[in-house]
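S.K.: Residue-level listing of the chains:
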Amino acid sequence: MSALRQKSVSNPPRLRHLTGVIFGKRKATVLMRFPAICRVGAILGLFVLCCPAVHAAHTQVRLLLASEAAKPGDTVLAAVDLKMDPEWHTYWKNPGASGMSTKIEWQLPKGVTAGQIQWPVPEKLTEKVTGEDFTTYIYTNETMLVVPLTLAPDLPAGPLEIKAKVSWLECKLECIKADGEVKATLTVGQETRPSVAASLIKEWQKKLPQTTGAPTARAWWEKAASGDTRPLIIEWTPNQAGAFDVKLTILPGPPKDASAASVVINQGAIADFYPDPVPEAPPSLALGTDLSSPSVGSGADPYEVQGATESLSSPSGKVVLRKQVKKYSGEWPREVTGVLIERTANQSASAGSEPLWKMLLFAFIGGLILNVMPCVLPVIALKILGFVNQSKEHPGRVRVLGLVYVLGVLVSFLILGAIVIGLRAAGSSVGLGFQLANPYFVVAMSCLTTLIALNLFGVFEVGVGGRAVGAAAELSSRHGTAGAFFNGFFATVLATSCSAPILAQAIGFAFDKDPAIILLIMATVGIGLAAPYLVLSWQPSWLRFLPKPGLWMDKFKVAMGFPMLGWALWLCSLLVIHYGERWWWMTIFLVFIGVAAWIYGEFVQRGQKLRWLGWLVSALVLAIGYVYAIDRGLQPGQPLVQSSLAAERPSESPKGITWQDWSSEAVAAARADGHPVVVDFTAKWCLTCNTVIKPTFENDAVQKKMKDLGVVALLANYTLQPPAITAELRRYGRAAVPFVLVYPRDTNAPPMAFDWISPSTISNALDKAAQN
Amino acid sequence: MKRAIAFLSLISFAVSVFAAAEVGKPAPDFTATDINGKTIKLSDYKGKIVVLESYNLDCPFCHNQYRSGAVQELQKELAAKGVVWLLVDSVGKNFPSYRTPEAARKEWAAQKMNATAWIDDHTGAVGKKYGMRTTPHVFVVDANGTLAYEGAMDNQPSTEGDPRKARNYVRETVQKLMAGEKVEVTQTRPYGCGVKYGS
Numbered sequence: 001m002s003a004l005r006q007k008s009v010s011n012p013p014r015l016r017h018l019t020g021v022i023f024g025k026r027k028a029t030v031l032m033r034f035p036a037i038c039r040v041g042a043i044l045g046l047f048v049l050c051c052p053a054v055h056a057a058h059t060q061v062r063l064l065l066a067s068e069a070a071k072p073g074d075t076v077l078a079a080v081d082l083k084m085d086p087e088w089h090t091y092w093k094n095p096g097a098s099g100m101s102t103k104i105e106w107q108l109p110k111g112v113t114a115g116q117i118q119w120p121v122p123e124k125l126t127e128k129v130t131g132e133d134f135t136t137y138i139y140t141n142e143t144m145l146v147v148p149l150t151l152a153p154d155l156p157a158g159p160l161e162i163k164a165k166v167s168w169l170e171c172k173l174e175c176i177k178a179d180g181e182v183k184a185t186l187t188v189g190q191e192t193r194p195s196v197a198a199s200l201i202k203e204w205q206k207k208l209p210q211t212t213g214a215p216t217a218r219a220w221w222e223k224a225a226s227g228d229t230r231p232l233i234i235e236w237t238p239n240q241a242g243a244f245d246v247k248l249t250i251l252p253g254p255p256k257d258a259s260a261a262s263v264v265i266n267q268g269a270i271a272d273f274y275p276d277p278v279p280e281a282p283p284s285l286a287l288g289t290d291l292s293s294p295s296v297g298s299g300a301d302p303y304e305v306q307g308a309t310e311s312l313s314s315p316s317g318k319v320v321l322r323k324q325v326k327k328y329s330g331e332w333p334r335e336v337t338g339v340l341i342e343r344t345a346n347q348s349a350s351a352g353s354e355p356l357w358k359m360l361l362f363a364f365i366g367g368l369i370l371n372v373m374p375c376v377l378p379v380i381a382l383k384i385l386g387f388v389n390q391s392k393e394h395p396g397r398v399r400v401l402g403l404v405y406v407l408g409v410l411v412s413f414l415i416l417g418a419i420v421i422g423l424r425a426a427g428s429s430v431g432l433g434f435q436l437a438n439p440y441f442v443v444a445m446s447c448l449t450t451l452i453a454l455n456l457f458g459v460f461e462v463g464v465g466g467r468a469v470g471a472a473a474e475l476s477s478r479h480g481t482a483g484a485f486f487n488g489f490f491a492t493v494l495a496t497s498c499s500a501p502i503l504a505q506a507i508g509f510a511f512d513k514d515p516a517i518i519l520l521i522m523a524t525v526g527i528g529l530a531a532p533y534l535v536l537s538w539q540p541s542w543l544r545f546l547p548k549p550g551l552w553m554d555k556f557k558v559a560m561g562f563p564m565l566g567w568a569l570w571l572c573s574l575l576v577i578h579y580g581e582r583w584w585w586m587t588i589f590l591v592f593i594g595v596a597a598w599i600y601g602e603f604v605q606r607g608q609k610l611r612w613l614g615w616l617v618s619a620l621v622l623a624i625g626y627v628y629a630i631d632r633g634l635q636p637g638q639p640l641v642q643s644s645l646a647a648e649r650p651s652e653s654p655k656g657i658t659w660q661d662w663s664s665e666a667v668a669a670a671r672a673d674g675h676p677v678v679v680d681f682t683a684k685w686c687l688t689c690n691t692v693i694k695p696t697f698e699n700d701a702v703q704k705k706m707k708d709l710g711v712v713a714l715l716a717n718y719t720l721q722p723p724a725i726t727a728e729l730r731r732y733g734r735a736a737v738p739f740v741l742v743y744p745r746d747t748n749a750p751p752m753a754f755d756w757i758s759p760s761t762i763s764n765a766l767d768k769a770a771q772n
Numbered sequence: 773m774k775r776a777i778a779f780l781s782l783i784s785f786a787v788s789v790f791a792a793a794e795v796g797k798p799a800p801d802f803t804a805t806d807i808n809g810k811t812i813k814l815s816d817y818k819g820k821i822v823v824l825e826s827y828n829l830d831c832p833f834c835h836n837q838y839r840s841g842a843v844q845e846l847q848k849e850l851a852a853k854g855v856v857w858l859l860v861d862s863v864g865k866n867f868p869s870y871r872t873p874e875a876a877r878k879e880w881a882a883q884k885m886n887a888t889a890w891i892d893d894h895t896g897a898v899g900k901k902y903g904m905r906t907t908p909h910v911f912v913v914d915a916n917g918t919l920a921y922e923g924a925m926d927n928q929p930s931t932e933g934d935p936r937k938a939r940n941y942v943r944e945t946v947q948k949l950m951a952g953e954k955v956e957v958t959q960t961r962p963y964g965c966g967v968k969y970g971s
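Protein chains in written order, with this note's numbering: chain L, 1 to 772; chain F, 773 to 971.
In case anyone wonders, no lab produced these hints; they're calculated from the structure. Just so we're clear, the structure is a prediction, and the values are computed from it rather than from any experiment. The C-beta atom is built at its ideal place from N, Cα and C for all residues, glycine as well. It is possible that part of the hints are untrue.
[What the hints assert, rightly or not] Listed next, with one range per pair, are the computed distances between beta-carbon atoms: (1) L:Q60 - F:Q844: 32 to 40 angstroms; (2) L:A724 - F:T872: 54 to 62 angstroms; (3) L:L108 - F:D816: 53 to 61 angstroms; (4) F:R936 - L:L108: 27 to 35 angstroms; (5) F:D934 - L:T185: 31 to 39 angstroms; (6) L:E142 - F:T872: 35 to 43 angstroms; (7) L:N748 - F:K813: 34 to 42 angstroms; (8) F:Q844 - L:G253: 27 to 35 angstroms; (9) F:K820 - L:T216: 38 to 46 angstroms; (10) F:G819 - L:G253: 39 to 47 angstroms; (11) L:E698 - F:T811: 28 to 36 angstroms; (12) F:D816 - L:E142: 48 to 56 angstroms.
[As the list claims (entries may be wrong)] Every beta carbon over 10 angstroms from chain F, so not counted as near; a handful from chain L, in silico: (13) K83; (14) A97; (15) L173; (16) A258; (17) A300; (18) D301; (19) T337; (20) L613; (21) Q635; (22) Q638; (23) D661; (24) M706.
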């Protein structure tokens, strides 16, 4: 870093005209490290004028017109396009806690008048530097400030030069004041002709806050001011996603029918309010004001609507926001203007969302873990055993197969991602594990896993040539690529279906995000799942760390059949949710499947004579089984009605706390009575919920603590994925269970969120929650 | 789990640090070092009016104040009345605008500063204690150690124009305090660049 620092002054603009109708130039006037000449300047006392230097701005500016020709009396849209370098930003009309809004000073020919700048909806940047949030409203990458230009009816025909000086503050690690002259030509005549930029400007107009269709919002002071700040409540009925210009009259207190909302549910993720600059704004915020002679007495904002936003829960389903207004002088404002932001769930920033690279890392690890899930392990392990046989003879072949396998996994995960995106677009609320809430899927999966188990036991064989799975190596070397691809597909189906709840923790966050990110995350999970296989196919020498092939492989294969069978039974048991007692018929059907598989294996695959008869009998057994056990017995088309599904836990906790059904009203009511609240989001099909979370809450010490502290325990049963619970999970950026919320006794404090608990973490959380 | 931890630490952070300076209350005392290595303690100046200015010359708003010489004149004018003027430079070492003490001394000379001292606050301790959010963000502490004014330097939130033409709240506050009158404007919305607190 230079030892000498000096400042340049604003040097006269040096125009660098580009050709064409549309052109611009850029220039910045500040801040460089200057060489020794500065010292001379300083010595001469000329520091003020030291070292004029053109400093490349980090923002490019140009002027676009929506028309290249227009008639007198027309209104022509002009757009000042600002392109920021990566990581640099410029500011909205209300810059927020710091910064400066971009200014346009028009130099217009006679008969042309410029209207107000229409600002696209900005991004909200919140920095925690001291105790308070420092919020700024910014633009990154690119923005387009749209200004209507009105042509006088008596404007003479001919070309007109539209010029403007645009000045802005651009910031990254430091802030730089920069400006640029822009101009464009408009031909006034008999016709109106759109320019090439018209469609681009139209696109950007979609990013402006809407001036019509705003939901009817109300605003009121929540209570009297404490010191110089006062909480302001803004409430509206959610209608549609979007951003709307609004002007709100502030009522002196809550209206009679105001939502009884007090619980902070999120920090502005679902909805928000971006305040306009205060009306008695300083000159710098007004359009094209001459800054060289500010009038004394103006320039001080009497108040400020601060950046931080709290979303409050509302039993009536309304959006309720709390903003803090800070008063500097004069009276409390009677109205506020600004932009109401309403996001759909997939636009909302999830609470505590992590950077993408971290999520991708989790996704990768999640995928890796899938390999050892009980239902994946037999299949994948067998594939790796296949390598054991193959690696010596065909290293090149192994690589190809490895890649094809990875491709199979990736394609399957991308399909899964596409299904999720499609379902979501169709308005269906989807969590990861959505398959398991579908009874047909569960039925199909139990059949499939049973067949896999039987296959592992050697009852019948799978494969193009009907060969033994133990000889999979030979099989894949011959019929390889299709087989390898299918294996990848199969591994994915098994992995996601069996492990959805665990997988969900790694990638749950993606379900709120852009389709591209969902696909990226899904692909990363797939890469994680395929990684061991890929590594081994690339480095077959590492196979020496694996045991030598031999007879034990067959035994291992059979042994692996048992966890598979267990998995099939577990899947069956899930049907209780949907069919109650009738789930038992499913196990009977599985026996039929077993018999059919045995006949197929014994008399069709290994049989010498009358193989057609084997086919026939096998199919007949299957058909009888289907009619008897499924069609008549299980009756999959007639699931139980939802109401008969009592939450299971209350009856199962004889010694302790009573779990009540969750609702946001129940949370609010319990907190209003001064109780800490625990909400356990759980589902019957969620393994972790039932093996980790549930025992934790049944732990004696935890139960005692919950009793002693007067904790109200609420159970949110996500088994059938009711929309209210899906929405609540989404509020916290979760797409799956388990999820636990601990609401402190202090109703102003936000809840603590856990994806995983142990007796000690929950005890600590409860202690914290009980403090006032 | 990680998210939960981050969430919890955020809450506790917000609770623990929310203790910014408040007008009408005693200004938080601090001990700091200036660019010459001298220890500066706010309470040592009891009996004098003290001006704290959050400072970063790379910020175009500060730059505009100083390039015209307006602030230097004000510093001189107030120094003659016995007012102490402390520049608080809270820029962290990870920013290009960070000044080593040596660079700061040179800037001090080049800018012909008439302030009392330039506090090297690269840890952000003083800035955060006062809740300084922009450069410039000024605080005026009266002779009893009570915060009399907090906010913008003047009513011209701009990177251009002559600051002498603006209504300068520091001068106004000091004049009122000296005359024993009630300070009319005690708080304004600070403008400028965000303070570049170090990480």
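S.K.: Identify every previously stated hint that the structure contradicts and give their numbers, smallest first.
M.R.: 8, 9, 11, 14, 15, 17 and 18
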